[in-house]
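2 protein chains.
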Amino acid sequence: MHICSTDIDNLDKLTRVNLINSLSGFKSANLIGTADKRGQENLSIVSSVFHIGANPPLIGMIIRPHSVPRHTLENIIETGVYTINHVHNEIIEQAHQTSARYDKHISEFDAVGLQAQYKGSCKAPFVLQSKLKIAVKLMSTQTIELNQTELVIGQITDIYLEDDLAYCDDGFVDLERLNTVALSGLDRYHSTSAITRLSYAKCDKPLSHITIPPKVKDQKEP
Amino acid sequence: MHICSTDIDNLDKLTRVNLINSLSGFKSANLIGTADKRGQENLSIVSSVFHIGANPPLIGMIIRPHSVPRHTLENIIETGVYTINHVHNEIIEQAHQTSARYDKHISEFDAVGLQAQYKGSCKAPFVLQSKLKIAVKLMSTQTIELNQTELVIGQITDIYLEDDLAYCDDGFVDLERLNTVALSGLDRYHSTSAITRLSYAKCDKPLSHITIPPKVKDQKEP
Numbered sequence: 001m002h003i004c005s006t007d008i009d010n011l012d013k014l015t016r017v018n019l020i021n022s023l024s025g026f027k028s029a030n031l032i033g034t035a036d037k038r039g040q041e042n043l044s045i046v047s048s049v050f051h052i053g054a055n056p057p058l059i060g061m062i063i064r065p066h067s068v069p070r071h072t073l074e075n076i077i078e079t080g081v082y083t084i085n086h087v088h089n090e091i092i093e094q095a096h097q098t099s100a101r102y103d104k105h106i107s108e109f110d111a112v113g114l115q116a117q118y119k120g121s122c123k124a125p126f127v128l129q130s131k132l133k134i135a136v137k138l139m140s141t142q143t144i145e146l147n148q149t150e151l152v153i154g155q156i157t158d159i160y161l162e163d164d165l166a167y168c169d170d171g172f173v174d175l176e177r178l179n180t181v182a183l184s185g186l187d188r189y190h191s192t193s194a195i196t197r198l199s200y201a202k203c204d205k206p207l208s209h210i211t212i213p214p215k216v217k218d219q220k221e222p
Numbered sequence: 001m002h003i004c005s006t007d008i009d010n011l012d013k014l015t016r017v018n019l020i021n022s023l024s025g026f027k028s029a030n031l032i033g034t035a036d037k038r039g040q041e042n043l044s045i046v047s048s049v050f051h052i053g054a055n056p057p058l059i060g061m062i063i064r065p066h067s068v069p070r071h072t073l074e075n076i077i078e079t080g081v082y083t084i085n086h087v088h089n090e091i092i093e094q095a096h097q098t099s100a101r102y103d104k105h106i107s108e109f110d111a112v113g114l115q116a117q118y119k120g121s122c123k124a125p126f127v128l129q130s131k132l133k134i135a136v137k138l139m140s141t142q143t144i145e146l147n148q149t150e151l152v153i154g155q156i157t158d159i160y161l162e163d164d165l166a167y168c169d170d171g172f173v174d175l176e177r178l179n180t181v182a183l184s185g186l187d188r189y190h191s192t193s194a195i196t197r198l199s200y201a202k203c204d205k206p207l208s209h210i211t212i213p214p215k216v217k218d219q220k221e222p
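Sequence order for the protein chains is V and W.
Quick note, the first sequence lines up with residues 1 to 222 if you use the UniProt record's numbering.
Quick note, the second sequence lines up with residues 1 to 222 if you use the UniProt record's numbering.
Fair warning: there could be bad hints in the mix.
A pair counts as met if it fits within one copy or between any two copies, since identical chains are not told apart.
[As the list claims (entries may be wrong)] When the alpha-carbon atoms are kept at most 35 Å apart in a straight line, the in silico DSBU-like pairs for lysine-lysine are as follows:
1. Lys104 to Lys137
2. Lys123 to Lys104
3. Lys37 to Lys202
4. Lys123 to Lys202
5. Lys104 to Lys13
6. Lys205 to Lys119
7. Lys123 to Lys137
8. Lys119 to Lys202
9. Lys104 to Lys37
10. Lys37 to Lys123
11. Lys37 to Lys119
Don't read these hints as lab results, they were simulated from the structure.
What you are looking at is a predicted structure, and each value in this text was computed from that prediction instead of being measured.
Working from the sequences, and respecting the hints, build out all of it.
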């Protein structure tokens, strides 16, 4: 099946949105927690969180214009901080429901049945139920002129992992142990099964399969 | 477990890379096909392809500086076109092996055992073995000053789907039918199992579970 530019142009809006959203492959599913200066909380599911770099530890996301997460963007700009919280298999419906167009004075935490949690000095709320939570300091926002979406880049300042055993001694986090889900298209949620972990690729050496290394906690408590 | 900024700063390089790469959640696994003006081919696995918008159909990716995919970036800038090819469960090792630092005159297609394929007027090679292939026209590149990575944005011009039955009549593409894989961290590959597909969220209406709609081809051939 070949779908060309003209075919894409001729699709009705919803079909086009479903199709194009499917093309990048599997996506991350994260809840972005924010609050405005007065403490009014907001929570929004975002499927476009992506890794930018490890040193400094930078993470990016795309926020669509004129859509619900606009409150998210306003709060991030107002306070300079936000949280990223992994969605796991037991909070999928609550997470998805945050994409409804709630008024700004309504906290999506209350509306969908998730609990805000404050940790350390971070002014933005975390999701209590999430098992991997990240505090992020805003570094830059910029408008992508091609379609007026916003690229938001932040630096990771704190990582909270609710299950020590998911942290491996080489730094790898076992997302399957946390039941973190993946997204496809706009609205389909998936659990995952590990196929393999592969060694660093070299030109002159065959790949090997890495067993997930011993967990940090295992070593501490032999 | 709490990992703060200082802890992150004190990690050795590899541990830090593994940890920070795990935090965004599941990632897409795509092979980027390019050629330079003289036709020298390059193929590179990229885990940072993400959706930017449906109208126009834009797709983004992050290319690290001074790393193997630099040939990819050079070719994209030289020719203005590239292909994005989903990685499925049967080509994981070949796909991962493209991340080795091959010299520019070596085609990763040959080195890893994948086959270049040309379709339509696209000057960049597709991966024959991939089941979902996209031709992309370069729209912009920009350096992210925070860490000197490059944000590459392209417009989708052609979509090739090797299994018509994966295309649903509402535009959704069934990635599980294509056995497209997800990535976590730097190097772990996962298959997926659908949990649910959820309806568009509204403030005043409960969510419903959507069954994957009848496939386009089913309707054409009743």
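So, going through the hints one by one against the coordinates:
Taking the shortest alpha-carbon separations for Lys104 and Lys137, only the intra-copy value of 22 Å comes in at or below 35 Å, while the best inter-copy value is 38 Å. Taking CA atoms no more than 35 Å apart as the test, Lys123 paired with Lys104 passes inside one copy only; the shortest distance there is 18 Å, against 48 Å between copies. Taking the closest pair of Cα atoms, Lys37 and Lys202 come within 35 Å of each other only across two copies (27 Å); inside a single copy the shortest separation is 50 Å, beyond that limit. Proximity of Lys123 to Lys202 under the C-alpha cut-off of 35 Å is restricted to the inter-copy arrangement: shortest distance 28 Å between copies versus 44 Å within a copy.
Within a single copy, Lys104 and Lys13 get their C-alpha atoms as close as 27 Å, which meets the 35 Å cut-off; across copies the closest is 42 Å, which misses it. When the C-alpha separation of Lys205 and Lys119 is checked against a cutoff of 35 Å, the pair qualifies only between copies, where the shortest distance is 33 Å, while the shortest distance within a copy is 46 Å. In this assembly of identical chains, Lys123 and Lys137 lie within 35 Å of each other by CA distance solely inside one copy; the values are 10 Å within and 41 Å between copies. In the homo-oligomer, the alpha carbons of Lys119 and Lys202 lie at most 35 Å apart only across protomers (30 Å), although the nearest pairing inside one protomer, at 42 Å, exceeds that limit.
Proximity of Lys104 and Lys37 under a CA criterion of 35 Å is satisfied intra-copy only: 13 Å inside one chain copy versus 52 Å between copies. Taking the closest pair of Cα atoms, Lys37 and Lys123 come within 35 Å of each other only inside a single copy of the chain (9 Å); across copies the shortest separation is 52 Å, beyond that limit. Taking the shortest Cα distances, Lys37 and Lys119 sit within 35 Å of each other inside one copy (17 Å), while across copies they are farther apart (54 Å).
Comparing the model with each numbered hint stated earlier shows that all of them hold.
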